[in-house]
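Undergrad: Line by line, the protein sequences give chains D and C. Residues 1 to 355 in the numbering used here are what the first sequence spells out, letter by letter. Residues 356 to 648 in the numbering used here are what the second sequence spells out, letter by letter.
Among the hints, a few may not be true.
[To be verified] Label-pair distances were calculated between CB atoms; the ranges are:
# : chain 1 : residue 1 : chain 2 : residue 2 : range
1 : C       : N516      : D       : F203      : 56 to 64 Å
2 : C       : L413      : D       : N271      : 48 to 56 Å
3 : D       : T261      : C       : V474      : 34 to 42 Å
4 : C       : L615      : D       : I117      : 19 to 27 Å
5 : C       : R435      : D       : N271      : 21 to 29 Å
These are calculated hints, taken from the structure and not from any lab test. Here the structure is a predicted model, which is why all the values come from computation and not from measurement. Built from N, CA and C at the ideal position, the CB exists for glycine as well.
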Amino acid sequence: MKQAKMNRTTRSNLITYLMVIAFFVIFQILIATGNVSSLLKGQLVPICAYVVMAISLNLVVGVSGELSLGHAGFMSAGAFSGIVAAGYLQTMMESETLVLLIAMIIGGIVAAAAGVIVGVPILRLSGDYLAIVTLAFGQIIKSIVENLYVGYDANGLQFSMVKNTLELGEGGKMLITGPMGANGMATISTFTMGFVLIMVCLFVIFNLVNSKSGRAIMALRDNKIAAQSVGISSSKYKLLAFVVSAAMAGMAGVLFALNFTTVVASKFDFNTSILILVFVVLGGLGNMRGSIIAAALLTVLPELLRSFADYRMLVYAIFLILMMLATNNPKLKGFLQSISAKIKGAVGKGGEANG
Amino acid sequence: MLFLSYLISGISLGSIYAIIALGYTMVYGIAKMLNFAHGDVIMVGGYICFFACSYYGLHPLVGIVMAMVVCTVLGILIDRFAYKPLRQAPALAVLITAIGMSYFLQNSAQLLWGSGSRVFSSVIGKGSFSFFDGQLTINYLTVVTIVVCIVIMVGLVWFINQTKRGKAMRACSEDKGAAQLMGINVDNTISLTFAIGSALAAIAGVLLCSAYPLLNPTTGMMPGIKAFTAAVFGGIGSIPGALVGGLLLGIIEIFAKAYLSTQFSDAIVFAVLIIVLLVKPTGLLGKKINEKV
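Just chain D, with the same shape it has in the complex (with noise of 0.2 Å):
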């Protein structure tokens, strides 16, 4: 039989795919031997979390290239969500990873739908526009879950906004209490459903962008008017990365909140939002594989710069400014260029005198 030679984009996503199950098992293995130390181990969920959120907003900034500056809104309905969802079926159910898989896909559906309302209005405005949108829609989420108390008793799950008005019978139990988040919550969520979560994100995301639906989505990210005039219906295509993207995010958030004992709402702002945009772009633009690097790595960082102690944040800022100027900047980009250059040539000459 003839072996066809595999295409490009499928080359480029099984690379991916191998990369998350190596760094997988690589840290299967070292926790295993114990060669992790509890502060990388204590990071390795957020990691899996961060890395879903990056490439769900690569799928709405990159793929289909409108600029949301409010994905951890849609994180943050899902997180309560799914702290609702959990609390609730910890009392009916024995096996935790139930719980967590129930609770993941309650979280996604509440935060795919936050993705309809938000998305019908919001996608017929464009750039600058719908950024700020997207944006005001994060703080109104906040506000919401801030001003939001649930609980349950024998009489089941009991809400009520702005006060606290429950009252809760006999073994009752409050789930969510304002500002003060979620409290108390039974930690399940665990790096190999983190894992599973990163896999199955990657391949709806790559089915998704090498279908039909998907050259669409491209096709209105280069040039709306252009794929509007051949009928391309712009507003069912970006919704539908926008959704998909949103229901990613509510997922990731509850396996994010899964892993503390305690939340609040103010974990998910407009900085969380503005740290996962820096990963998309620092990764780039539709690349998925560049996001999750760009996550994991820039997760880790700052726990990494601990040695630095105060200043931690501060050089995270530089970082960041310097990364932008070396990778956008044509004259530094040039020297870097250059650099890189001599010293391939060097490390080539070098190889030769030696062969």
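Given chain D's structure and the hints, the job is docking chain C onto it.
TA: Okay, now just chain C, sitting in the frame of chain D:
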């Protein structure tokens, strides 16, 4: 009467937003970038004035002038080192650089001045005017804020429309290439815009801290985001739009706090923004640019 006093405090808060929004909108108009570090320049202005007045006991006016000078220099330096090398770069790269700059300013402030909050003593003496037999009182700060905002607006409109430099600015925001061919120094014009925007941010910082006297390294964040919203609300790039947007945002915020819900005031402000943008996608006074094929 209560309504009137809410309205006046809304206008006062809105004036501060408008002054900050002017900085955003001018920079956006000319450099087509969202300057996220603008909010942090406000914070720096607040700190400079705080130290000048409270530590060295200088006259408040001297403090304000010092804050303006420092912020102007800071604005020019930020533009020179972070934004100028990226003039031709994609918009997102510039956005991330601006965010990096914002982190940089916040963390530098934290290292230099500590993360604790400081109590800013108002630069304007306490006291108030009373009307209708004391049913309506307006304190001096409110009056000064509104007057300052009006003076700045009138001054800016005059500068942009009547002077040669202002003309150069308008030319650069229309078409940089053509402006350069006409002998306008585009880089200097952009620097000038940053300078003016930062000086305004210093004034806004002092007024803001006088009204809400807690000063810490993240003081500028929320007013920055709100003012940015105000700029978009009025139509980003438009100077009268910044005024209208800022005032409306301030009034809506105070009314929402007074009549609807304190906790949800921010959510209400942003919800109104979304509704306005859905009806008028380029803001209240923004120009509608039709795409040509």
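Undergrad: Decide, hint by hint, whether the structure agrees.
TA: Against the structure, the hints:
The supplied range of 56 to 64 Å is met by N516 of chain C and F203 of chain D, whose beta-carbon atoms lie about 58 Å from each other. Separated by about 35 Å at the C-beta atoms, L413 of chain C and N271 of chain D break the suggested range of 48 to 56 Å. For the pair T261 of chain D and V474 of chain C, the supplied restraint of 34 to 42 Å holds, since their beta-carbon distance comes to about 35 Å. A hinted range of 19 to 27 Å for the beta carbons of L615 of chain C and I117 of chain D is consistent with their spacing of about 21 Å.
Remark: the range hint 21 to 29 Å for R435 of chain C to N271 of chain D is upheld by a beta-carbon distance near 26 Å.
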